[in-house]
Amino acid sequence: MNLSILLLLPLAFSLILLFVKGQKQVRAVALTAAVAQLALSIVLLFQFLAERAKCNSAFLFESNYTWFKQLHINYHVGVDGISVAMILLTAFVVLAGVLVSWNQEKLYKEFFFLLVFLSMGAYGFFISLDVFTMFFFLEVAVIPKFLLIGIWGSGKKEYSAMKLALMLMAGSALVFVGLTGLYYNAKGAVSFDLVQLSMHPFSPAVQKMFFPFAFIGFGIFTALFPFHTWVPDGHSSAPTAASMFLAGISMKLGGYGCLRVAAYLMPDAAHYYSTIIIVLASIAILYGAFATMMQTDLKYINAYSSVSHTAFVILGIAMMTKTSINGAVMQMISHGLMTALFFAVIGMIYERTHTRQVAQLGGLLKVMPFISSIFVLVGLCSLGLPGMSGFVAEMTVFMGSWERAGTFYHFATIIAAASIVVTAVYILRAVGSAIMGPMKNNDYLQLTDAAWNEKTAAVLLMVGILLMGLAPFWLNDLINPGTEVIMQKIGMIK
Amino acid sequence: MTNFFLLMQQELLLTVIIFILLFLKLGAGDIDSKKLMTLVNVLLAVNLAAGFFFKQSGSLFGDMFYTDNLLRLEKNILNLGVLIISLQSANWLSKHQHAVEFYLLMLSTLLGMYFMISSHNILMFYVGLELASIPLAAMANFDLDKKRSSEAAMKYIMSSAFASGLLLFGISIMYGVTGTLSYEGLKEMASDSPLFIFSFILLIAGFGFKISAVPFHLWTADVYEGSPIAVTSYMSVISKGSMIFVMASVLFHVFDKIFFTWYNIMAVLSVLSMIIGNLFALRQQNLKRFLAFSSISQVGFILIGISSGNMQGATSVIYFVLIYIFSNLAAFGVLSLVSTEKGKETIDDFKGFYKTNPALTWILAIALFSLAGIPPTAGFFGKFFLILAGASKNNYVLITIAALNMVISMYYYLRIIKAMFMDANDTPIEKVEISLSPKIAFVTCVAGIVVTGLASGVYDYIFSLVR
Chain W
1 MNLSILLLLP LAFSLILLFV KGQKQVRAVA LTAAVAQLAL SIVLLFQFLA
51 ERAKCNSAFL FESNYTWFKQ LHINYHVGVD GISVAMILLT AFVVLAGVLV
101 SWNQEKLYKE FFFLLVFLSM GAYGFFISLD VFTMFFFLEV AVIPKFLLIG
151 IWGSGKKEYS AMKLALMLMA GSALVFVGLT GLYYNAKGAV SFDLVQLSMH
201 PFSPAVQKMF FPFAFIGFGI FTALFPFHTW VPDGHSSAPT AASMFLAGIS
251 MKLGGYGCLR VAAYLMPDAA HYYSTIIIVL ASIAILYGAF ATMMQTDLKY
301 INAYSSVSHT AFVILGIAMM TKTSINGAVM QMISHGLMTA LFFAVIGMIY
351 ERTHTRQVAQ LGGLLKVMPF ISSIFVLVGL CSLGLPGMSG FVAEMTVFMG
401 SWERAGTFYH FATIIAAASI VVTAVYILRA VGSAIMGPMK NNDYLQLTDA
451 AWNEKTAAVL LMVGILLMGL APFWLNDLIN PGTEVIMQKI GMIK
Chain R
1 MTNFFLLMQQ ELLLTVIIFI LLFLKLGAGD IDSKKLMTLV NVLLAVNLAA
51 GFFFKQSGSL FGDMFYTDNL LRLEKNILNL GVLIISLQSA NWLSKHQHAV
101 EFYLLMLSTL LGMYFMISSH NILMFYVGLE LASIPLAAMA NFDLDKKRSS
151 EAAMKYIMSS AFASGLLLFG ISIMYGVTGT LSYEGLKEMA SDSPLFIFSF
201 ILLIAGFGFK ISAVPFHLWT ADVYEGSPIA VTSYMSVISK GSMIFVMASV
251 LFHVFDKIFF TWYNIMAVLS VLSMIIGNLF ALRQQNLKRF LAFSSISQVG
301 FILIGISSGN MQGATSVIYF VLIYIFSNLA AFGVLSLVST EKGKETIDDF
351 KGFYKTNPAL TWILAIALFS LAGIPPTAGF FGKFFLILAG ASKNNYVLIT
401 IAALNMVISM YYYLRIIKAM FMDANDTPIE KVEISLSPKI AFVTCVAGIV
451 VTGLASGVYD YIFSLVR
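Going down the list, the protein sequences come from chains W and R.
Residues in the first sequence are numbered from 1 upward in steps of one, following this note's numbering.
Residues in the second sequence are numbered from 1 upward in steps of one, following this note's numbering.
Some hints could be false.
From the structure, some residues in chain W lie toward chain R, with a derived Cβ separation under 10 Å [said to hold, decoys possible]:
| no. | residue |
| --- | --- |
| 1 | Lys69 |
| 2 | Gln70 |
| 3 | Val142 |
| 4 | Lys157 |
| 5 | Met169 |
| 6 | Phe176 |
| 7 | Thr180 |
| 8 | Tyr183 |
| 9 | Phe473 |
| 10 | Trp474 |
Simulated from the structure, these hints should not be mistaken for laboratory data.
This one's a predicted model, so the numbers in the text were calculated from it and none came from an experiment.
Note that the Cβ used here is the ideal one computed from N, Cα and C, for glycine as well.
Take these sequences, add in the hints, and give me the full structure.
The structure is reproduced here in structure tokens:
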């Protein structure tokens, strides 16, 4: 399968969108684009599995074209299990995002255009094997987010949009410095090619100098403490589909980059700095969880809990055992599905009640049983109920972290595991007072339950969550060879 | 003799155009400005096409004048920029009674720049520079009924004379030290004796004025604000671009022996220009002033590319100037239309612009994204390659400062995007009609912004020409 189709398809559809008139036609095109993406990524999954059974190389479906010859920049794409999983996640979230914004009225054409264009950035990032193209797509995805939040958002949207854009740009600026450092220090192989760079042993001094740039840079994207402040504002001001994309995919760009670029290319430095990163991740896990307890707005609750949950990804990467890295990848997928669904449900509630304050809601289960049940289910997933994806992913991270010998690491693992209790508190409290309990506002009696598009979106993501929760082995099998390649480099350090 | 015509083909054609205009002015009295503009645009397009057609290199007039394919390309880039400006200012010029004079002055400065670029002797360079700057002052005064315009002209001529003075002082000391004025001679005689370095620094100060690098930037904002927009865009793009071309070739080929001296100077100038340009741009309300300060910070990025001192750096600088012409002229074009038709040029006026003028808003947005260096626009590639070239000297402090300055500049570019797309406004600027010639200019600019970056051919082509 030629991976460039993953780029060309969204690009073609976003260009078509520019020439289509009328809300119905526009959203039909957008839906076609999203369905086509999902179909394509499922085809990719099966072809990948079939192909991998046959051959044994680290990356499949590679294609490599010279882009800027004099600067040794190539357009080099290829996938391993981790990227295939990420591509699937993206396709799921984008389709759900298009479905929940079905009734978008304000500037609908621009909205769907940006959404489809954004998905192209994500696919491009995940298939890139050249760090220049990777960086290119990382930045491609920033401005559509800025516009989506600023134009269609709610609350202090301009402020949030600006904060998000600037912090993410600062992140990519740091990544950029890290990448140029690697580029010039790969003596003899001056290149941006990930595969070539990974074969070049950088001296520990070089690694120690450029690892922080790359890791913090990507870390900002994935809400690394203390650079997480764009997350609550950005997520809560964004329109539903953009929140879903931001939390579901965009934050995963950072985690993927931390793993694929920072840790993979500079394993010595990753080892050297792992203590600091673990401390930061533990702080983020606890701080995020406690900060969530204080929130009264449903979107803020989910945004802060995202800070806490994505810190598991960082923790998993920094612990540097095979299981923990597997867990980090699983947590990325799980959190992507879960948080996208959470934002979708919150969006549905907000659209009907026009409030996101927990205190003003209540008794919603009586009037909108479907939405409420999904809300409860996704809440349970978030607090790590067995049978759902959250449990599998977090459990894997904990197991992997415990494998790393040493009191410090065990202590960090215990802290991380303890946060689940806090999670249970805020999730159950939100469920209890917003969904159950007495009806606080009699106007809510007239509200309707989910429409077909919302039901489809919710079921789609819920299927993903359950599939991963009940049968985790298939995902594990998918990503395992990918993490093994990474572990071969990291494992040599010990 | 044929050699003479072939080598000077671009200059001669331009002179012919200037003379045609002169005769038209003298002979025909009142000319229909529409016809005049069509004529000039066609002639400029012919000149541009001819520039790509001939491939002669060599020197003339006892090695005073030198040209090769790279210099031809640089002149063509400037010619393209002038053509775009001419197309964009159609609305403004058709209302102006002295359109012919405007073209006369503009093309004279362009001729001066051609000689500047092609000079192979520092005196020749000075003559070209004067030809390029004195008519420019007259152009700055072209809004005849506006006081600010004459103020701008006055400020420009003063600071320009001061810069020329510094330059001449530097040149004369340099002549005293080395006893030669030709580039070949200077290249041989360049040394790091204190007096030579002193004269060299005076030379750099003269350059610095022209490209408005900090700390020689003080004239920029006032002059840019006061001048008519066509002239502002001409100054910020063409005049600056020509000087950058000259700097790149002179520093790289004449003063390559004292690389470490000018490497440090360039690094300091670039950090200052980026930071100060950015900090002032943050607070501007008038879009012309804003673009003036943002162009100062852009110069900072260009200086990083120059500081690398290698072929990659030279290529990136020329490549960036090309991209800068497309993106800055697209921004100025929108501004020029709105300002001529509605007389509005502050950021607050542009609030809610998207509701009434979606096409213009997208053009301005793409231009600003390109200036800010956001992919997939060409500006991203331009800035990335400049900084990448600078990083070849392992000066990661400089690189980090540059990367963080890109973030600061993001803020003020996004501020305009925010005003246009997000801010509510009860009285947004009404719909502006885009006539044919600005439309051609916009299509060229946007196509340039999209294609120059993604298609690597442009970069490869420039690289193949760089010596």
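Quick rundown of the hints versus the structure:
Among the interface hints, the one on W/Lys69 holds; its C-beta lies about 6 Å from the nearest C-beta in chain R, closer than the 10 Å criterion. Interface hint status for W/Gln70: upheld, as the beta-carbon distance to the closest one in chain R is roughly 5 Å, under 10 Å. Contact between W/Val142 and chain R, as hinted, is supported at the beta carbon level, the nearest pair being about 7 Å apart and thus within 10 Å. Annotation: interface hint on W/Lys157 holds; nearest CB of chain R at approximately 7 Å, less than 10 Å.
About 5 Å separates the beta-carbon of W/Met169 from the nearest beta-carbon of chain R, less than 10 Å, and the hint is met. At its closest, the beta carbon of W/Phe176 sits 5 Å from a beta carbon of chain R; the interface hint therefore holds under the 10 Å criterion. At a threshold of 10 Å, the smallest CB-CB gap from W/Thr180 to chain R is about 4 Å, leaving the interface hint in force. Given hint, W/Tyr183 at the interface with chain R, holds; its Cβ is 7 Å from that chain's nearest Cβ, closer than 10 Å.
The closest approach between the C-beta of W/Phe473 and any C-beta of chain R is roughly 39 Å, which is over the 10 Å cut-off, so the hint fails. Violation of the interface hint for W/Trp474 is found here, the shortest Cβ-Cβ separation to chain R being roughly 35 Å, above the 10 Å cut-off.
Figure legend: structure checked against the earlier numbered hints; hints not met, in rising order: 9 and 10.
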